[in-house]
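Work out the full structure, taking the sequences as your base and the hints as a guide.
If you read the sequences in order, they're chains A and B.
Going by my numbering, the first sequence opens with residue 1, and the numbers climb by one from there.
Going by my numbering, the second sequence opens with residue 1001, and the numbers climb by one from there.
Do not take every clue at face value.
Claimed, not checked - Some chain A residues close to chain B (C-beta under 7 Å, calculated; not the full set): (1) Ile25; (2) Ala29; (3) Leu109; (4) Ser181; (5) Ile215.
Stated by the list, open to error - Covered by chain B, per the in silico footprint, the following chain A stretches (three or more residues, Cβ under 8 Å): (6) 91–99; (7) 220–233.
Stated by the list, open to error - Now the in silico label distances, taken between C-beta atoms and shown as ranges: (8) A:Glu19 to B:Arg1074: 44 to 52 Å; (9) B:His1172 to A:Leu113: 53 to 61 Å; (10) A:Val224 to B:Ile1039: 40 to 48 Å; (11) A:Val240 to B:Leu1254: 35 to 43 Å; (12) B:Ala1258 to A:Val224: 34 to 42 Å; (13) B:Leu1045 to A:Leu17: 46 to 54 Å; (14) A:Leu4 to B:Tyr1029: 50 to 58 Å; (15) B:Arg1142 to A:Pro143: 49 to 57 Å; (16) A:Val38 to B:Phe1038: 49 to 57 Å; (17) B:Leu1171 to A:Gly112: 53 to 61 Å.
The hints are simulated quantities; they were obtained by calculation from the structure and are not laboratory data.
From a predicted model like this one, the values you see are computed outputs, not experimental measurements.
All residues carry an ideal CB built from backbone N, CA and C; glycine is no exception.
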Amino acid sequence: MKNLLGPAVVVLVVLALWEVLHLAIGNSALTSPWATVVELKDLVLTADFWQNVAETGKALLYSLIIAFVGGTVLGVVLGVNRMSGAVAEPILLNLYSLPKVTLYPLVLLVFGLGISAKVAFGVMHGLIPILMFTMNAIREMRPVLLRAARTMHLSTRQSIMHVVLPAIFPQVLTGLRLGFSLTLLGVLIGEMFASQQGLGHLLTNAMNLGDIRSIMAIALFLTVFALGCNALLMIIDKRVQHR
Amino acid sequence: MASAEPDVKVSANGRMGRRARWHISTESYLRAAVVIGFIALIEALCRSGIIPHNTMIAPSSMLMNSIDILHSGRFSHDILTTFGNIIVASILSVLLGFGIGLALHAVPPARRAVEPFLSAYYAVPTFIFYPVFIVVLGVGARPIIAIAVLLAVVTMITATLNGLDRMPTVLHKTALVMRLSPWRAALHIKLPATLPYLFTGVKLSVAYAFIGVIASEFILSGSGIGYAIGYAYNNFQNGDMYGLMFIVLVSVTLVNVALNRIDRRFQLRRKR
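Encoded structure:
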């Protein structure tokens, strides 16, 4: 209970600052925390909102699966083969820091409007961090484990399945937590530019209408969702690391 | 840790002797071969029409278009605006991040309270608050810079905290023994001691500043490279669009290569 006190104070401080800013610049510029909660409550009661949430959730789920499986598999390949890892790392780091929004017209032209473009955007954001974490985890694995695998005459497949993957599991989970954030970001950006459905689309709509109430309500929803998922993954993360 | 990027590893290069140096150059050759091969593949696919012309133009034409854009000066205003914003945002977030990092490190309870949020920060798509910033700061460069700083500052805070954590205790004690004021201790002891870690933060901050500025320009803006690319896309001007994209990708890559090179030098110094 004690370690929840600090974060609770931070939340209260943020709420207070929000209220002060609201009072300073007026209701049309920034709705108050309470009004935002009320607006969100109204939104949550509409079926339309949940349809958009489901749309975003579906895209997020697909992207996460692709980013996680793809990132882990590529990470294992590049981690086990040191040469290819060393060749790929700077390229990956550079890809990671590219402003991927720049590429959105290309993604749209290739994937068309709709869910595949959103998923592609999510994967573009989330795959590389997961890959890098997996790769570095394998590189930093205790060499004795691989030596043990060799002594037991395990095949490559066996040593990956029974030695490498269990050994790097905690780091892969940490990578997944970071990858989750970026994938969500990617899906939302994809929706903002390239979709007729989803929370990102609701946001763009509200932005174009200058509808600050809806923007803040959706932003609040997303913030709570993102922080909640992150906290959940962090708890799992801690439990696994402690083993 | 909170940084969205896996801690950049000094690849084993630094520690090894002559044999390693030979090894490095093989890697660089292979890397160049991979990149060139990939570009050549796309070029071939575009030229042969397997990738249709209205989806993507060949890399060589992108290059020609970008040279044309730079030469004619049609988008010079947009390009200068964007890079100006990125520079301002990077500087602001580095200074702000270092300051906040120092402050948080000095007050452990505050740090413990804030830390969970720092590590969850990048889960929140910051630029959804862009419209609020427009109302508060007005249309123009300021809300764009604010969004970019919001995006870039946290990685700098994390890097600063990380650096201060790893600073040898003896240096803290030295500051005490010499009775340095907090300001002087920060400037003369903490800053140089944490520099290698700070630089990793600087590198990431610059990357985030790029993302923040260009993404905001896409969403709502009347100038800048992001706006120009969006405009070209909406008007089916593929030549301009790919030319501008090419300029962004190449400049980000060049900045990254330069920063990585400096970073590597710092990391080696850390090892000594």
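Here's how the hints hold up against the structure:
1. Ile25: holds, 6 Å
2. Ala29: holds, 4 Å
3. Leu109: Holds. Min distance 5 Å.
4. Ser181: Since chain B brings a Cβ to about 4 Å from serine 181 of chain A, closer than 7 Å, the hint holds.
5. Ile215: holds, 6 Å
6. 91–99: With 7 residues in contact (Cβ-Cβ under 8 Å with chain B), the coverage given for the stretch 91–99 of chain A holds.
7. 220–233: holds (count 7)
8. A:Glu19 to B:Arg1074: 44 to 52 Å: holds, 47 Å
9. B:His1172 to A:Leu113: 53 to 61 Å: holds, 57 Å
10. A:Val224 to B:Ile1039: 40 to 48 Å: Because 44 Å falls inside the window, the suggested range holds.
11. A:Val240 to B:Leu1254: 35 to 43 Å: holds, 40 Å
12. B:Ala1258 to A:Val224: 34 to 42 Å: Between alanine 1258 of chain B and valine 224 of chain A, where Cβ atoms are some 40 Å apart, the hint holds.
13. B:Leu1045 to A:Leu17: 46 to 54 Å: Hint holds: Cβ distance 52 Å, inside 46 to 54 Å.
14. A:Leu4 to B:Tyr1029: 50 to 58 Å: holds, 54 Å
15. B:Arg1142 to A:Pro143: 49 to 57 Å: holds, 53 Å
16. A:Val38 to B:Phe1038: 49 to 57 Å: holds, 52 Å
17. B:Leu1171 to A:Gly112: 53 to 61 Å: holds, 57 Å
The structure agrees with every numbered hint stated previously.
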